[in-house]
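Student: Go ahead and model the full structure; you've got the sequences and the hints to work with.
One letter stands for each residue in the lines below.
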Amino acid sequence: MPISPIMKKISAFTVILLMLTAAGCATKKSVKVSKQKIAPGSSIVVIINCPSNIQNVVLAKFMSRDFRVKAFNASDLYTSQDVFDVKDMKKIAYTSNIAGPDSIFASQKLAENIYKLHIYNYEINKAETLAELKDKWSVQYLVLLELNDWENVSWGRAINLASYELVWIENYPTRYKDTLETVVDHMIGSMSGM
Amino acid sequence: MIRILAQLCLPLFLFVFGAAGAAQAKMVVAFGYLNNSSGNINYNYLETIFPNSFASSIQSIYDVDTIKPLQIEEVLNKKNMQLKKTYEYGDLPGVADAAGADIFIFGSFTPLPNNRIQIVLQLYMKDSREVFSFTNVGKMETEIFKLVDRISLIVTSFLNDTSVFKLRGIPAGSRIAILTNIDGSELNRLYAPFLEKGCPVICIQSNDLHAATGSDRFGAFWHIRTRTNSFDSIADWRSVSLKRTAWNAAADDRHIRETRAMYSMYEDNLLSMKNDAMEKLKKAFNNRVDVLLIVGFSNNRKTAWLRARNVNGKELIWMQSPITPDSFRADPITAIGEKIASSMEEEIKNPFEK
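One line per chain: the protein sequences are A and B, in this order. Residues in the first sequence are numbered from 140 upward in steps of one, following the numbering used here. Residues in the second sequence are numbered from 361 upward in steps of one, following the numbering used here.
Keep in mind that the hints were calculated from the coordinates and are not lab data. A hint or two may mislead.
[Unchecked claim] List of simulated lysine to aspartate or glutamate pairs, EDC-like, C-alpha gap at most 16 Å:
(1) B:Lys642 / A:Glu267
(2) A:Lys171 / B:Glu556
(3) A:Lys174 / B:Glu556
(4) B:Lys640 / A:Asp205
(5) B:Lys643 / A:Asp324
[What the hints assert, rightly or not] Cβ-Cβ distance ranges computed for the label pairs, FRET-style:
(6) B:Asp487 / A:Ser302: 53 to 59 Å
(7) B:Asn402 / A:Glu271: 54 to 60 Å
(8) A:Ser169 / B:Asn474: 54 to 60 Å
(9) B:Thr684 / A:Asn260: 19 to 25 Å
(10) B:Thr684 / A:Glu271: 37 to 43 Å
(11) B:Lys386 / A:Ser173: 51 to 57 Å
(12) A:Gln175 / B:Thr408: 39 to 45 Å
(13) A:Asp288 / B:Ser658: 23 to 29 Å
(14) A:Lys171 / B:Asp457: 52 to 58 Å
(15) A:Glu271 / B:Gly533: 25 to 31 Å
(16) A:Asn291 / B:Arg617: 48 to 54 Å
(17) A:Glu271 / B:Leu569: 55 to 61 Å
(18) A:Met333 / B:Leu569: 21 to 27 Å
(19) A:Ser169 / B:Gly454: 32 to 38 Å
[What the hints assert, rightly or not] Incomplete in silico selection of chain A near chain B, CB under 8 Å:
(20) Met202
(21) Asp205
(22) Ile258
We put the beta carbon where it would ideally sit given N, CA and C, even for glycine.
Tutor: See below:
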């Protein structure tokens, strides 16, 4: 029995829709790799992106599970945009009495060189801060958390400051029935293996 | 009737114009001299022999038209030009145009102690105005053909669709740091394949909630300059005109001085500044970084490009683009991460070895 053109279009549309849905789901799948369990009693610093009252809830959760939480937060560090803005440098390169496309290209290249050095230096500065956390504050692990609502993905990451290695990562698709506390509980359980 | 004629003529039409298109699309690779930088005139004969050998070797395995140095010399002479042994980057567009080449290759060689020889090759690509240069060392007499084959292999791999340059595989257990333009949960999806493979991932960028490299400006890392191997764009600094007239004000002069100082610092001294930065990076992570992987994702995350730098040797060791997932259903970031992680140790297969 021949398939009508409308049916063909519907089939094609359905296939495309399924492909897009599959690709969309793949990006929201849970991801977890743990190379090392972070045992309660470990000295940690937690960096999270939420208001202070919510940060307190998160830190309290870690403390209630016997982690030694050091007083430190991302707000203690300058963000790259605050301090290392290279837009101004780029402007200097562009307004330097130059003419013609080759000149602009040369100036763009100069701005790119400055940008690359800036990124390297930014990473160096952060690594030096981590060394301070380890040496002066005796911090063993840096834990990063981003907590998101239902239909989005909450994620966490832990770094062993003795080796500077990533030891735990997790992407957790937040469920409808989840609350802030259940997500944090999940993350702590996943990280510590308890 | 017209339909029948059209059906009969279509294959002929496709054959004729397809063949014409294919012939047109064939890449022209021109070889200049390989300058003898030793100063010993006994080696001068190699200045032509090397490029001729590379041209023959490359043409034997890759579908390109090659032009050898003496042929370019003839073409250039007709245009009152000469084929020089060395070129400034700014001169390359002119010589490639005059030679009718899509790719112009030139370089130098230096005999080393213990009967070894160092060859530096530079590939100028006309369309993108980019130069890829690399260094290779081999034995002078016994392995000279192996050396030619090895260098030809590097050239052909680079000219392929995936533009691969791989100096060597990255040994298992190497500690890698990844610099990329994604962050958050996406970054975790990139890390997962490396961690699952047991590869130690050092915390560059992962120590932050948001990447400082998240903007389009990350494309700056597409070009990479190292002591031995580089992939760079041509910027002809001689074309930069700075305003200087009889009516120049003091501020204009200061501006010119500042601009010159910037060019000198961030272009002429870039390599030493970057090497210093690599040294500081190594120290900041307590000598725990072996390889820095720079991975640039497209906006839709479906393709990526890669640059790998050996942090200890401060050299470019791997370059590839584009990297795409094998399956459209897979998460592209994880799939690209898997591809990179699984091919880290691999060497490029030598088609000359049967």
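Student: Hints broken by the structure, by number, lowest first?
Tutor: 4, 5, 6, 9, 12, 17, 19, 20 and 21
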